[in-house]
Each structure stands twice: as C-alpha cells, then as structure tokens.
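What follows is the residue order along each chain.
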Amino acid sequence: MKFHFFDNASTTPCCEEALGKFRQFAVEDFGNPSSSHALGQRAARAIQEARNFFAVTFQVGPEQVVFTGSGTESDNLAIQGIALARLSQPGRVLASATDHPAVRKTVLALAELGFDCQLIPVDRQGQIDHGKYLELLTPATQLVSIQQVNNITGAIHPVEELARVAKQRVPGLVFHTDSVQAFGKILHPIGGTSVDLVSISAHKVRGPKGVGALIILDRKLLADGLRPLIWGGEQEGGLRSGTQNAGLIAGFHAAAALTLSRREQSRAHAERLLARLRGELEARELAPRAIAWNSLNAVPQIASFSVPALPGSGGPLSRLLEERGFLVSTGSACSSTKPEPDPVLKAMGLPHAACTSALRISFSELTTEDEVTALAAALEESIRRMALLTGKRI
Amino acid sequence: MSTPEHDRAVLLRYHEIALKGQNRRWFEDRLEGNVRLLIERGLRAGGDPQARFSGKITRQHGRILIETAWNENVREALCNSFGLSSFSPIRKVPTDHASLIRGAIEEVDAYIRRHGQPSDFRVLSRRSDKVLPETSVELDQLIGGELLRAFPGLKVKLEKPALYVGIEVRRDRSFIWTEKVPGLGGLPVGSNGPLLAMLSGGLDSPVAAIQTLRRGSATRLMHFYGTPFVGEEVLRKVIDLARIVNRYQPKPEPLHVVPFGKLQERIALATSPKLRTVLYRRMMVRIACALAPRLGAHGLVTGESLGQVASQTVENLATINAAATLPIIRPLVTCDKDEIIAQAQRWGSYETSIRPGLDCCTLFADRHPALHSSIDEAEAQESRFPVQELVDEALAGIQVHEARW
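Line by line, the protein sequences are chains A and B.
If you use the working numbering, the first sequence corresponds to residues 1 to 394, in order.
If you use the working numbering, the second sequence corresponds to residues 1 to 405, in order.
Taking lysine to aspartate or glutamate and the DMTMM-like style, the derived pairs with C-alpha atoms no more than 25 Å apart in a straight line are:
1. B/K262 x A/E323
2. A/K105 x B/E351
3. A/K220 x A/E49
4. A/K209 x B/E232
5. A/K105 x B/E233
A few chain B residues that face chain A, going by a derived Cβ cut-off under 7 Å, partial list only:
6. P228
7. F229
8. A268
9. P273
10. F364
So the derived label-pair ranges between C-beta atoms look like this:
11. B/G33 x A/H37: 58 to 64 Å
12. B/R355 x A/E63: 39 to 45 Å
13. B/G153 x A/A223: 54 to 60 Å
14. A/E340 x B/G55: 47 to 53 Å
15. B/N71 x A/E340: 41 to 47 Å
16. B/R355 x A/L87: 30 to 36 Å
17. A/E340 x B/A322: 31 to 37 Å
18. B/H368 x A/E340: 18 to 24 Å
The hints are simulated quantities; they were obtained by calculation from the structure and are not laboratory data.
Cβ atoms here follow ideal geometry from the backbone N, Cα and C, with glycine treated the same way.
Chain A on its own, in the form it takes in the complex (with noise of 0.2 Å):
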C-alpha cells in the first residue's frame, strides 16, 4: 500500500543528495577520518566541510560544532555536559514542561546527582508562564533548557528573548534550546544571541537517521564548561569520541542545506497546506464543533487537534486512517489498559477527553494540496466512523 505521510515531525525520508553522500563514504571513501592515508583524509575532508557549513550556518567557529549520534544525544550532551561541570556545587536545572523527553527527562534524572530540577509551567497555548518563569529564576540557577519549536503541538517559544531574561536575572547560567523540530522551519537561534547551546538532527530535516550536532554558540563553554558524556580517542575536540560517520555527517550537511535553502518556500507551502487543511474541516462542518486545535502560534508545518468529543480515541482515528492510507502521529500512548494523555498536552491543562483524542498532522516540502484534501475527506470518514462506533454525538 503507498502511504499519504502526514508525520514529517517523527521524521522525512532521505533526500537523494544525502543518500548519495553515505554510499560513498561507506563503500568508496570508507576510509576513518582519524587516518592519515589518502582514503582517512578523504572522509576527514568531509567532515570539516560540513563543520564549516554549520560553522557559517550558525555563525561560530568550526570548533563550535559538534557531530553526534542524534538530537537526544546532542540534549544530553548539552544538559548532562553542564551539570556534570558543576557537580561540585549543584545548583538549579529548568526545562520546559513540554519539553521533549530528551530534554525533560534528561534535566529530572539530574535530581539524583543533588540537582534541583524544576519544570517551567506553560498555558493553555503550550507558551511559557512568564510569571512562573521569573519565580524560577533564582540566582541558584545553573542552566535553562526550553525548546525553539513543540514538537506535538508545533508552539513556537521565543527562545532568545526567555534567554535574554534568564541572562538578566542570573546572569552566569547557560540556555540551551533544542531546536530539532525549528531547524530549517525557522530561524534559528546563532552565535552572539543569548542562547548558548543548541541541538539539532539530520533526520528532521531530509538527512539520514543516527547523526545530529550540538552547536556551541557561546564559545567560552568550550574552555572547560562542558564535560564530555562519551570518552576514547578525543574526536570531535574531545566533546564526543567514536569514529565519525563521516557519509552521515556529509550526508547531513547535504540534507541541511537543501533544507535551508528552500525554507522561506517550504514555509510558505506549509502554510497553503494547513489552510486547506482547516478549510476542508471546516466545510465538512468538523471544525469547529467537533475539532479544537492545540496552539495557535506554532510553525505552519505542524497542525494539532483533539476531538474532545470521543475521548480516548487518538489511537482507534489513527488506525483507522491508516487503513485508508494516512499515516499521522497521535497525541497519546497506549499504556497496556488505558490510553495515557501525552505529557504535552497534559501540561499545557487540556481536558483528559482532548489529551486521549488529539492526532498530529504534519507536513513537508512534498506534501501536496491535493493530499490533504484527501485526509480531510478520510479524516470524516474515520471520526463519523468512530462516532458511531462510540454511540457518541458529533
């Protein structure tokens, strides 16, 4: 069966450029980039290409770019790197509370090593408390980390002015943003902003899967305010040894640029497409009645809603237009009984009905019009099916 996808935010398929890159260096140019033989050297350029891309990209120097193995790698190297630095005297670690796990998870686990982490509550829009968020504050504060960009709801979290707050405040501690699902939908944060560690994924952005890179923009952290997770033979400056998949990194790079280069047009695309999209909703008299969407100030590329209507149902609609040939994300997990409202859209208060139904549409440069159309009309089908099925009223 061909597949609609609707769930560029899990991940995008390779781009061919980027392909390319990793048969080469896997097969033709396999050399390891740490020898000094014409085949190491070939791969080792490679890499520092695509350093000095990101370099450019962010505007830092090629020392301030860091290859790792995913976006969670790149969170947990930021968070995890600082804390470690200052394990001496442990202050307070903030994330937001829609943070993704990478992130979240991360910061709460920092509790066992004398940490106090604290999550910043957001509203109902997924938006930081600006109230709350000054009270957390304190001059104990160590390190900040709140994403650029939701990746359930799409919210966008002005991540350089909370930085530029933070920094009043306390100004030692260290922001980190995790840009994963921002980098190429929009700008991204770059050196001499006052955020100071970013992380990013190839994955997310038509590159391959397994290679991410946490970007130092503050370049005083590379002295001694990061403290490496992974030791060996002192790759990447000594921030994350292992060889380097340098057909990844190429690949990534590849990926980036596309990507970067066409995002005002994928933005403007992005935006055509969830105006069909509410459009047909709405003409098939869903929305608003039966729809209610999840953030109103998130990227065009992501579109999340509930149908409070049919409580614990984001599973079943999932599965249903999957069998019509529409592959979408839910807002929930199953646990083995019960469907388990995801933690975003519990914190940001929804109702437990609206946190058990909520789906994820999201887009990318090859989805079509014509195709949301078309899930819009499946999209009916399935939640008039599960209506009926339910003995619920829509």
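Given chain A, work out where chain B should sit, using these hints.
Just chain B now, with coordinates in the frame of chain A:
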C-alpha cells in the same frame, strides 16, 4: 586435577512425578525427552540449526542421569524444565573407599577454587545399592573425616552448612556432587493434554499460560488482534510474550493471530456499549473453542482473575462460560495483581507485558460496563449480529506467526 569428561554427568531429581505409580515411566519419558529438546535448543542457538544432543540419558533409582559435561547451556535447559525438583553436576567414581575419598577431596578442592573456602560443610550420603559395609551415617563420618584432614580450615555443620558434599553409592560407579540447583517443580510439559492459551498482551495471560505448562499441559497460543484499531506494536509485543511462554515449552508453539478489530466493529455497530466487553469475550471463547480441536487442544487457558476488571465478575464469567464448548482453565482466578506481577517477574514476562500497547477488549466499550450480565441479555444482544458468520470469518482470517525462544 581435572577429570576426564566421561566421568562427568548431570543428575536430575524429581519428586512429584515419582509419586505417580504406574504412570511413572510415562512421566520420566516426557521429562527425558523435554530435557533433550531443551539442551538441543541451546546447542542450535550457537548457530548450527542441525545440532543434535548426543549425550546418553539413563534412569536409575528414581533419578535421571545425563551423560554430559556441565556447562551453561545444560544449566539453562534444566532451569527451564518443569518437573525437576533439583539437579546437580556430578563426578562418577568407582565404588570403593579409596576412590570415593579421593574423588570427594578433588571435588571439594575444585569447589574451593571456584567459590572460595566455605564456612562449613557436611557430607550427605545416600545408598542406592548397599554394596559397601557402612551405613549412610557411617559413610558421612568416614568421608567427612578425610575431608577435614585434607582441608584443615573446614568445619563440619550438620544443619544448613554452606557446602553439601553429596555421595550417592551405586553398584559400579558412585556419584559425588557439591552443587545442587533447585528446579522449577511442577510436571513435565506433555505429561498432560494440550490446552489453548489466549494471550492478550497484558500481565496476566502469559503467566496463566506458563502456570499451565507447569502443570504438564503443552499450550497452543492464540491472540485476538484488534487491527486496524490497534497498531502492529501490539502484535509484536504479543509475539514477544509468546516467545517467553515458549521458553518453558520444549516444542515451541507458533502464535495463531485472529483478526478481531473488524469483528468488534460489527458488534459495536449493533449492540449496547455496556455489554460489549462481555460480548467480545463470548466471541473470543467461541472462536477459541472452534480453533482448539484443530490444534489438538482440549480446553482454553485465560488470565482472568475474579473481580479484577468489570468483565470478570462471577456473573460475567458465567455469561462468558456459557458460550464455551470446552473447559476454560483460569489459573489466576484467585490471584491478586501483586501476586501476578511477582509471577510475571519470576517467569521473565513482566518487562514485555508492561510495554505500551492497547488491549482490544476495551475498544468501543462503555467506561462503566455492565457488572452483572445474564446469559439471556447477552443472547438478546447477539441476535442483532450474525454470530456464526463472524466466527467463521475470524477462523478463516487466522495468521500464524513463529515465536521460537
């Protein structure tokens, strides 16, 4: 002081099956066959799918003796075999005083090299043949005395010593052991008729299936798959659970997967939400009762426990039973959740069972289902959809998945 391999063997002990009088031979056959299959499974895990276990297996005096060197594969196989009370790696020595004493000293020496010096020990003799003049107690004292002389640091303790030195006196060759591994107990799989276990993906059903194996019934395996309303991760989880059940089953059984979501949809469109869970269960029971004879199974096994969820009240279980044409065995019927969790941890299914994955039983069902259904009510609801047609469709749609451990 290593012994040649032909002097090494493993001694299996069993209690319950020894009590079974006339049937004893039959039980021993099962046990022996199971152990051989489980050892072969381990050998095949090494990469050779044709590997056979060539060691001789013999029976003597209510014991089974496997002629094999002791290794992790043998230990693993025996640790997964129901019907054993315990087992020991043994050394065979000629039945005379000098050989017994020398053998005992060498085995204790080997024990100390592996585990360090034990705080205390005792000799435990058992005479299967009375070929030596001494009584068991006299042999304990004789060999114990020689061990004390050889290892002056050792102390004798008759109650719960750190080390038992076991001596089994037999006509030609006697056995010496220093390690006794507890077995799983129960009855050898295959000593009772096969049953068909319904696996849901939760904590209870794999435990129920394994408890049934422990009573000697091989269990065929089936799952009602809520596709398209639940995702494939649920199926993968149930296959993983089936593999865990098969770990204890010398002949691994495939998982029979019944597509059930569409059937539930048909029921939901026609019936009251309050009764749906019971109606689903009655359909499952009908389908399972039709499948069981094809697989040679004489009854069903479920993980139901009394009162655990709304569908498991006495009245609802009675309504469910009324749809069955075969006995339904419910090994966990009086277990608390805590007890089931402890069992799941014992058998190694806990971590898999708690993986995310929605149970199909709650699909389209009311949040407050009927607690006290009656057969009449259920039958009235069932008159609204074609029961037999749906059973036939479900049976026709069964897919079989390998689930080898």
